[in-house]
Amino acid sequence: MQTHAPPGAGSTPDRTGALPAESARRIYRDMLTARLLDTEAIALQRQGVFPAYVSLRGQEAAQVASAAALDRDRDFAFPTYREMAVALTLGVDMVGYLASHRALWHGGRYDPIASRFGSINAVVGGPVPHAVGWALGERLRGETGCAIAYFGDGASSQGDVHEALNFAGVFGSPVVFFCQNNRWALSVPNERQIAGGSIAARAAGYGMPGITVDGNDAAAVHNATRSALDRARSGGGPTLIEALTYRLAPHSTSDDTTRYRDRGEEHAWQERDPLPRLGTALEEAGHADTAFFEQIEDGARAAVERIRDGIATAPPPAGSDLFTYVYREPTEELARQQRLWREEVEP
Amino acid sequence: MTEALVGEGRGANGAALVEMTMQQAINRALDTALREDPATLVFGEDVGRLGGVFRVTDGLQAAYGQNRVFDTPLAESGIVGLAVGLAMNGWRPIPELQFDGFAYPAVDQIVNQMARMHYRSRGAASMPITVRLPSFGGIQAPEHHGESLEALFAHVPGLKVVAPSDPNDAYRLLLQSIRSDDPVIYMEPKARYWDRRQVVLDGARAQAADTGGDPIGASRIARPGRHATLVAWGAMVHRCLRVAELAAEDGVDLEVLDLRWLKPIDTDGLAASVSRTRRAVVVHEAPLTAGLGAEVSSLITERVFCDLAAPVQRVTGFDVPYPAGPLEPQYLPTIDRILLAVQRTLEF
Chain Z
15 MQTHAPPGAG STPDRTGALP AESARRIYRD MLTARLLDTE AIALQRQGVF
65 PAYVSLRGQE AAQVASAAAL DRDRDFAFPT YREMAVALTL GVDMVGYLAS
115 HRALWHGGRY DPIASRFGSI NAVVGGPVPH AVGWALGERL RGETGCAIAY
165 FGDGASSQGD VHEALNFAGV FGSPVVFFCQ NNRWALSVPN ERQIAGGSIA
215 ARAAGYGMPG ITVDGNDAAA VHNATRSALD RARSGGGPTL IEALTYRLAP
265 HSTSDDTTRY RDRGEEHAWQ ERDPLPRLGT ALEEAGHADT AFFEQIEDGA
315 RAAVERIRDG IATAPPPAGS DLFTYVYREP TEELARQQRL WREEVEP
Chain F
24 MTEALVGEGR GANGAALVEM TMQQAINRAL DTALREDPAT LVFGEDVGRL
74 GGVFRVTDGL QAAYGQNRVF DTPLAESGIV GLAVGLAMNG WRPIPELQFD
124 GFAYPAVDQI VNQMARMHYR SRGAASMPIT VRLPSFGGIQ APEHHGESLE
174 ALFAHVPGLK VVAPSDPNDA YRLLLQSIRS DDPVIYMEPK ARYWDRRQVV
224 LDGARAQAAD TGGDPIGASR IARPGRHATL VAWGAMVHRC LRVAELAAED
274 GVDLEVLDLR WLKPIDTDGL AASVSRTRRA VVVHEAPLTA GLGAEVSSLI
324 TERVFCDLAA PVQRVTGFDV PYPAGPLEPQ YLPTIDRILL AVQRTLEF
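These protein sequence lines map, in sequence, to chains Z and F. First residue of the first sequence: 15, per our numbering; consecutive thereafter. First residue of the second sequence: 24, per our numbering; consecutive thereafter.
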């Protein structure tokens with residue numbers, strides 16, 4: 015773990031070392047479930063159930079271990095569109111989550127407020143300022159919740175991410191900016207994306223600590239996120255974490271990585287797959303044995319099966335949903351258009 | 024506040040009648056909102072200590088503290104993004120974007136985020152945000168300080184758009200926008216900030232008179248007339264009233280319809296007026312092509328085609344970038360151009 019502290023900033027409380035057994039086992043379970051669900055989702059795309067899917071394969075540690083550090087009663091996560099394992103960890107209704115990939119509803123069909131997990135958002139920098147606003151709102155009310163904004167190396171180039179970081183720095187908002195640097199923004203590598211080579215290093219310019227962490231090391235991710243949340247919760251302000259990881263799969267099921275990246279690189283990162291890595295660590299620490307792994311895998315497969323069945327049978331949206339949610343207080347004109355739809359379009 | 028309390032009195036319902044400028048009326052509406060609802064927040068560039076570049080937020084930070092009224096860094100997208108996140112956490116934000124032209128850097132947050140969050144979340148996240156946007160031209164301001172963006176925002180599903188034309192409407196429409204649970208773009212006609220009129224101030228929140236009884240989307244007949252309807256909003260309402268006075272000297276009795284809400288548009292009010300007068304001239308500052316005048320013209324044609332005695336005329340800015348000071352009077356609809364359009368429609 016490397017810290018880019020701003021000049022004069024206080025030191026971050028150190029939380030290094032191995033995870034407590036129970037946390038590690040839970041994180042492993044969610045990572046495995048996410049891996050299996052991710053694999054299933056790709057299969058569902060191949061079968062024509064999903065028009066498209068965006069895999070997070072390889073980023074399970076970055077997502078699960080960071081989300082596991084959140085307080086599900088107080089905190090709020092702002093995702094973009096590749097944070098399926100964050101959703102899973104936070105207990106979001108996964109049938110509702112995958113409804114977005116089945117193209118039943120943009121943004122997913124879960125309640126983002128009740129789930130404390132924002133709607134899926136395809137403008138990758140767009141939700142980052144929302145996290146700052148949410149967190150500021152928490153502090154203004156004198157409450158202790160923190161926001162975490164998930165974004166990637168590609169989004170780090172967007173102006174909104176800069177504006178959000180600067181606002182959070184100025185306001186001292188309780189936000190954790192969690193960048194999953196998976197090295198490829200679709201086909202564009204880090205070298206063509208990040209001037210200066212480090213997203214975390216930018217934190218100094220915003221007056222906040224910047225932490226670079228091995229994103230495939232669940233313990234390191236979890237500890238860094240917990241430290242940042244502790245700091246934010248106690249009034250210490252925001253932190254920028256850059257988790258170095260790798261997108262093992264193509265950008266989406268419509269993508270072809272052979273056009274832009276090297277097979278050798280993919281294989282090298284395959285060797286650093288975070289899932290077996292945590293499994294081995296659990297075994298070596300004596301926190302898990304064969305029976306544990308079998309039990310966890312059975313549970314994960316059963317969970318994935320339930321989600322798969324749920325999404326396969328999820329009803330399409332009602333036609334009237336076209337109009338229902340446009341306004342809280344609908345306009346006469348929209349009501350007129352809805353009547354027109356009913357008369358001329360509704361099946 | 025330094026408003027003159029001349030003409031202060033009591034209206035029929037006990038509400039206070041105070042003469043003040045539009046800029047003061049907006050300030051009073053913000054004050055009312057901050058007082059009645061602890062979830063309201065006022066923020067933007069220079070709105071705190073300075074009180075806003077037009078002093079519209081003057082005194083509010085002193086009265087309500089730095090948590091309720093605060094300055095942000097100079098970044099419009101961040102300001103609207105902040106508002107979206109605050110709304111997701113139960114607040115009722117009233118951000119200011121300092122000038123119309125600076126709404127463009129915030130368009131992604133306005134269009135892709137604020138306008139859609141309620142829809143995207145299937146109603147879970149409401150966006151009771153009022154974006155105050157000093158708008159339109161007429162004050163010889165620098166570039167990007169005289170734009171008319173109503174057609175852009177009216178085109179976006181999920182938004183409501185309003186432009187008051189006088190102090191009383193400025194007060195009531197702003198409170199109505201703030202109290203609405205939907206996002207509203209509130210366009211303030213800068214050229215009319217110093218227009219001084221009587222304002223019916225809100226008494227208690229309980230008094231339903233706060234919006235004059237008009238629902239969101241209601242237009243207002245600013246001047247009744249028989250021979251043609253001038254349709255306008257913002258600063259152009261005042262200009263159309265002047266045109267009507269001049270026309271009256273020649274025996275032409277013009278109705279002036281202040282549209283007020285540019286989304287939703289009061290189609291019924293529009294149709295009723297034009298159906299009576301049988302002639303319509305739409306006046307706006309924005310460029311002609313794909314301007315809101317086209318929408319208004321189309322609505323009139325769809326609704327009262329058979330009542331029309333002449334094609335709907337449009338008097339607008341030209342399809343050019345908003346010009347610098349000396350050219351401004353030649354760009355904005357002039358009284359003569361409006362009168363000529365009236366003449367064309369009467370002689371058709």
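Take these hints with a grain of salt, some might be off.
Just the calculated beta-carbon pair ranges, DEER-fashion [claimed, not checked]:
(1) Z:LEU348 - F:ARG72: 40 to 46 Å
(2) Z:VAL359 - F:LEU40: 36 to 42 Å
(3) F:GLU268 - Z:GLU358: 42 to 48 Å
(4) F:PRO334 - Z:GLY324: 45 to 51 Å
Covered stretches of chain F, going by a simulated chain Z footprint (3 or more residues, C-beta under 8 Å) [said to hold, decoys possible]:
(5) 83 to 96
(6) 189 to 199
(7) 210 to 224
If you are wondering where the hints come from, they were derived from the structure by calculation, not from laboratory data. From the three backbone atoms N, C-alpha and C, an ideal C-beta is built for every residue, glycine too.
To see whether the hints hold, each was checked on the structure:
{"no.": "1", "hint": "Z:LEU348 - F:ARG72: 40 to 46 Å", "in the structure": "holds, 41 Å"}
{"no.": "2", "hint": "Z:VAL359 - F:LEU40: 36 to 42 Å", "in the structure": "violated, 50 Å"}
{"no.": "3", "hint": "F:GLU268 - Z:GLU358: 42 to 48 Å", "in the structure": "holds, 46 Å"}
{"no.": "4", "hint": "F:PRO334 - Z:GLY324: 45 to 51 Å", "in the structure": "violated, 58 Å"}
{"no.": "5", "hint": "83 to 96", "in the structure": "holds (count 3)"}
{"no.": "6", "hint": "189 to 199", "in the structure": "violated (count 0)"}
{"no.": "7", "hint": "210 to 224", "in the structure": "violated (count 0)"}
Consistency note: the structure conflicts with the earlier hints numbered 2, 4, 6, 7.
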